[in-house]
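Protein chains in written order, with my numbering: chain A, 591 to 868; chain L, 12 to 387.
By construction, these hints were calculated from the structure, which means they are not laboratory data.
Quantities reported herein were computed from a predicted structural model and do not represent experimental measurements.
Pairwise CB distance ranges, derived in the manner of DEER restraints: (1) GLY694/A / GLN97/L: 25 to 31 Å; (2) SER130/L / GLY727/A: 52 to 58 Å; (3) ALA614/A / GLU129/L: 56 to 62 Å; (4) GLN852/A / TRP31/L: 48 to 54 Å; (5) GLY851/A / ALA36/L: 49 to 55 Å; (6) GLY613/A / GLY35/L: 45 to 51 Å; (7) LEU777/A / GLU129/L: 19 to 25 Å; (8) ALA688/A / GLN97/L: 22 to 28 Å; (9) GLN852/A / ARG127/L: 34 to 40 Å; (10) LEU777/A / GLY333/L: 54 to 60 Å; (11) PHE823/A / SER130/L: 53 to 59 Å.
Reference excerpt, derived from the structure (chain A facing chain L, CB under 8 Å, subset only): (12) SER768; (13) LEU769; (14) GLY770; (15) ALA775.
Glycine is no exception: its CB is placed at the ideal position from the N, C-alpha and C atoms.
Listed below, chain by chain, are the residues.
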Amino acid sequence: MALSSSGPGAWRRPSGASLLLIGACPLQVFLLAPTLIVTPMALTKSNIIEFPPVWISVHAFSDYLRDPEWMADTLVSLKIAVLATTVACFVGASTALALHALRGPVRGAISSFVMLPMMAPVIVLALGDYLALSKVGLVGAWPMIGLAHSLMGVPYVVLSVQTSLSGLNPALVRSARSLGARDLAVLLHVYWPAIRPGLLAGAVFAFYGSFDEVILSLFLQGPGVTTLPVQMFTSIQYELTPKIAAVSSLLVLLAAVTLVGQGLLRLTASRAKPLAAP
Amino acid sequence: MADPTPRSASDAYLEVDQVWKAYGAGGEPVVRDASFALAQGQFMTLLGPSGSGKTTILMMVAGFERPTEGRIFARGRDITTLPPHQRAFGIVFQGYALFPHMSVQDNVEFALRMRRVESHARRRRALDMLDKVGLAAFAHRRPRELSGGQQQRVALARALAFEPDLLLLDEPLGALDKKMRETLQNEIKDIQRKTGVSVLFVTHDQAEAMMMSDVIAVMEDGRIAQIDTPEQLYNHPVDRFVATFLGETNLLPCEVQGADGDLVRVRMAAGVICSARSGKAPRSGASAATMSLRPEAVKLLAADETADNVVEAEVLDRVFLGQQIRYTLRALGQSVVSVGAPTTAMGGHPGKGSRIRIGWSRDAGELLGPDAGQRP
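Bound-form chain A, shown alone (with noise of 0.2 Å):
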């Protein structure tokens, strides 16, 4: 399957080719390409953002390494996120999980309902949110930003592992219980193996989602709990140090690392498969 692409009909196509390269390449380009800017920005001797840089400098770099409140900043990101993408995976997995097994109209009612914030309006959620945490004094603490997090990491968790569940066998299941399966055993033995390629795909969705997002965190933000991004969304009002643009090509590089490591793990994965044909 991975190697189909590679065959000798795969460049006789020149219409999707063509298309490609006048429709979708100049958007990309243009739009992707300054966030590669950013690099060569951050690597200016100058204490000011600017283009072209005054090549070669690091100091960028480690002023945010040693800026307290942004290490604090990057931390408090990062404790977020983390608790985003375990609550998305487990809501997210369960929720999958469980759709699996209905059918009929339930089933699509739940899936859209599940759906909605993909599809809701993120400023007004956030409005919501922080007006209905500064009710309860919740507004201000970490934990809460993560789970409003996780609400909108876990419909990617639910989009890949449902994937991943489109592609199990359902005499597996069966197989499983008559071999003596309870339920429990059924969900490690079978499912749980299913789902792992699907919720790790989700997962690093849900952690990027949430390691990037603004707007919610901006508004439940509070004293020493300021996120990442929105630490960088307020500097750059007032300080257009090159720090910022270090800070960006450091995400732009977590970005890269991870989807090649997805890239890897993809391409192990089938090359492990087609052996021997049925």
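Fit chain L to the given chain A structure using the hints.
Frame of chain A, contents of chain L only:
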């Protein structure tokens, strides 16, 4: 409804008692009033075309489906509502359904693991089972690294590893090529004889059913049309469906005239009088019936030969098939097929268009009962 006392006094291992199954309220039943008993060590096949309800019956025996009506007993104990993991039946599924992330050995060990058998013992038992199906050398492979036939053997070993009393097989050979099917048919039979396990087998392939089964239940439209040994089914089919589903046959309309010893006298087309076995048809006079006459019972007669029943025929077509010659004839105003060994075909292999006589013995024809739809 609940009947706490063991109901069945027979020696049947499994008993399916007047089971109905319909999906949804008021849905068309997919299984209608199925009853049968499977003796200990017996190999029974549910045979029928797709959609005849045979897999549904198997799934109800396995516990994955619940009968709408009726009950199922194992060793006299009512298991109708017992969950599958407590039934302890070995099941082999159509698509093998091996656990893809486990090695072949772990697959075979699974049932023992669920029963908390100590790891050393279950390892030995699994290797022993794999040895029985000739795959001991593949114990550490993943299922996907095996061919279809090998995977099916693993599935069989896995289903038998915990020594179930009953093995349920749901078209286990459907996805394999002809040669592999035949090999595995023999192997399954072999393992069944060695282990003494009772088998309930589901297939749509009549040759496979004939080859493997002690008893066959022929299914039509959710109903069990007939349960019998392969020989009885072939020689004494109850109705048109069974007669045509198991092997080829000539269906000849006739009219029952009256008893003739053990047989009945029937009047065929063009006024020819023949004798036939009465089968399930009424023996009384003047009722319309259909006679089933197997092609191999129809003999081409030489000029000096005769037979109990003789009619005139014209050769429409002749096909040489190696072991036999197949004639399509026109007789009694319809097409009649005759199959015979080339050397014994009399009359020097008459060609297309020749006018000959054909004959069959007194007890070759079998009158069929009314079709399922017309039965009470």
